[in-house]
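K.L.:
Since the structure of chain A is already known, use the hints to place chain B on it.
Chains as they are written, first to last, in the working numbering: chain A, 1 to 323; chain B, 1001 to 1323.
If you're looking for bench data, these hints aren't it; they were derived computationally from the structure. Ideal placement from N, C-alpha and C gives every residue a C-beta, glycine not left out. One thing to keep in mind: the hints can contain errors.
[To be verified] Simulated restraints, written as ranges between beta carbons of each label pair:
#1 A:A92 with B:D1251: 56 to 62 Å
#2 A:T56 with B:G1254: 48 to 54 Å
#3 A:G113 with B:S1198: 32 to 38 Å
[Unchecked claim] Examples of chain B residues lying across from chain A (beta carbon under 7 Å, computed):
#4 F1083
#5 G1085
#6 P1125
Protein chains: 2
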Amino acid sequence: MSELELLDRIARTSVRRAGTVLGVGDDAAVLEGAPAIVVTTDLLVEDVHFRRAHCTLRDIGHKAVAVSLSDLAAMGAAPRALFVGLAAPAGALDTAGHDELRAGMDALAAAHGATIAGGDLTRGPALMLAVTAVGTLDDPSDAVTRAGAHPGDVLAVTGPLGGAVAGRALADDPDLAGRVPDAAALRAADSRPQPRVSAGRRLATAGAHAMLDCSDGLLLDADRLARASGVRVVVDLDAVPLAAGVAAVADALGREADLMAATGGEDFELIVALDEGGLARARAAGVGLHVVGSIEAGADGLRLRRHGRPVAPPRELGWAHDV
Amino acid sequence: MSELELLDRIARTSVRRAGTVLGVGDDAAVLEGAPAIVVTTDLLVEDVHFRRAHCTLRDIGHKAVAVSLSDLAAMGAAPRALFVGLAAPAGALDTAGHDELRAGMDALAAAHGATIAGGDLTRGPALMLAVTAVGTLDDPSDAVTRAGAHPGDVLAVTGPLGGAVAGRALADDPDLAGRVPDAAALRAADSRPQPRVSAGRRLATAGAHAMLDCSDGLLLDADRLARASGVRVVVDLDAVPLAAGVAAVADALGREADLMAATGGEDFELIVALDEGGLARARAAGVGLHVVGSIEAGADGLRLRRHGRPVAPPRELGWAHDV
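Chain A with its partners taken away, still in its complex shape (with noise of 0.2 Å):
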């Protein structure tokens, strides 16, 4: 069984109780409460999410908090706090190493308004980060879903794509990491991914209809979004907007820069269904918004367009391996 059907299943047959605005099948839930409370929990293992070999202990707690976080953004909600379980080999992790550690997940926190205030340590086979980031939204009824796109909307991003998967390619080729330019800022890209809290909080306010963190890939997530909001959703690939060295990167490994981007995952940036007055409100608060697509009538997910015309979506589109 594949990961999706393995989440749509447990979608299908979760129970709801009373106080649960939302449950499993969004970034986070929503709990009733003044404010309300939105939570989210996401594992890094080690070799499944991250090398040590390349990202240093500091990259791995920053990306650890940085995924919570994301999800937060995605509903729209403020960070509160975040608790951190960690697994780790015995004389894996030093007190130099917890520290780098917890360093890395301190900043990225403080830098959001957020307490990492409670964990758990224990013995594992490897190296593993469980993060669950607590949030809060003024009103249940702020929280951005995956399910309300409209026909009309349009469908937009925060910002360029194919960074970080541009940047694990690198990673795994030196070589060709010394030929590419903007190699450094793509590697920054993969191993410090930076949460889009404030543009989530603004395009809540603003009024967006649907919206959820580009994690693993535009295509598998905007496709994710359709099938929750019961629509079409149209990616123009020619509208993809490409981070710095993703085309050089593309062109090196022989594949399509757009189509890479589109289904590489891990940017963090938000994919977002708004209408055009949302659109306009949303920038004229300061979010950049790049527009890649429209929300279409006819509740049967993804379609792709490139130069105009339709073309058919990749096998993979995106980031989903089988558990």
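P.N.:
Quick look at chain B alone, frame taken from chain A:
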């Protein structure tokens, strides 16, 4: 560095920002809100916290939820929602296995009015569960921390101890399990611990001064309560209530039953300091309490007595592995 040294270091160096009423160092953190938000996170790792040969997947799901609900219980909080991160090796869990794990989690969550409201799935080198429990308190000041014990208080536990450690011994030695009474109940104490959620809320209402759950052993956890409160805790080993069958298992293992029960951990009873009035109110509210010691002035942690005389504490007060 031991886990205890590392936890102490984290607690001393953690930054607490506005809105965090209680941060690192207690059973759970408390965030401002109406109601106040109580959050705890725990990891359970295969071959560290459980062995597949000794328990079913339903047991593992149950126990993962029990550990986190017990932390909420120790704050006096009402459970609201649970978030589950699950890592598993490729092929380790088929659909039926996932369903069994979830059934164990769902049943215990439902029994305490909580919802499994979100989570994350990934591959990993071993089966591992990261469970975050979110609860609420009508007022942040209702939280019962580890730090409020006063000289003159009694120290009490909510039920008999030693069942879990005896149950683990039986799992390790099936031959022994055939020779002692109450073997099935002891195995259940280990594999299906019952968090004392209702008792925790009633103890908070009764005015408990300090509380934590008995996860790592009465002696180690009572020592933590003493140090957090700046008091001395005197535990009377003769008063430690033994679960049925523990004496027979200790006898077969050549161990002292009272010390085995007081250091074994994972019983998930609550350990509470309260004055005589609080004790009477809690008992009137239906909470069964066994008085096991007293709180004295003198900020020097744990003292032990047996047969009316001081005895030296054992070298290991409880469950505390190196990390």
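K.L.:
All the hints need checking, so say for each whether the structure fits it.
P.N.:
Each hint, compared with the structure:
1. A:A92 with B:D1251: 56 to 62 Å: Cβ of A92 of chain A to Cβ of D1251 of chain B: about 40 Å, so the range 56 to 62 Å is violated.
2. A:T56 with B:G1254: 48 to 54 Å: holds, 50 Å
3. A:G113 with B:S1198: 32 to 38 Å: 36 Å Cβ-Cβ, so the 32 to 38 Å window holds.
4. F1083: holds, 4 Å
5. G1085: With a minimum Cβ separation of about 4 Å from chain A (threshold 7 Å), the hint on G1085 of chain B holds.
6. P1125: OK, holds: P1125 of chain B within 7 Å of chain A, min 4 Å.
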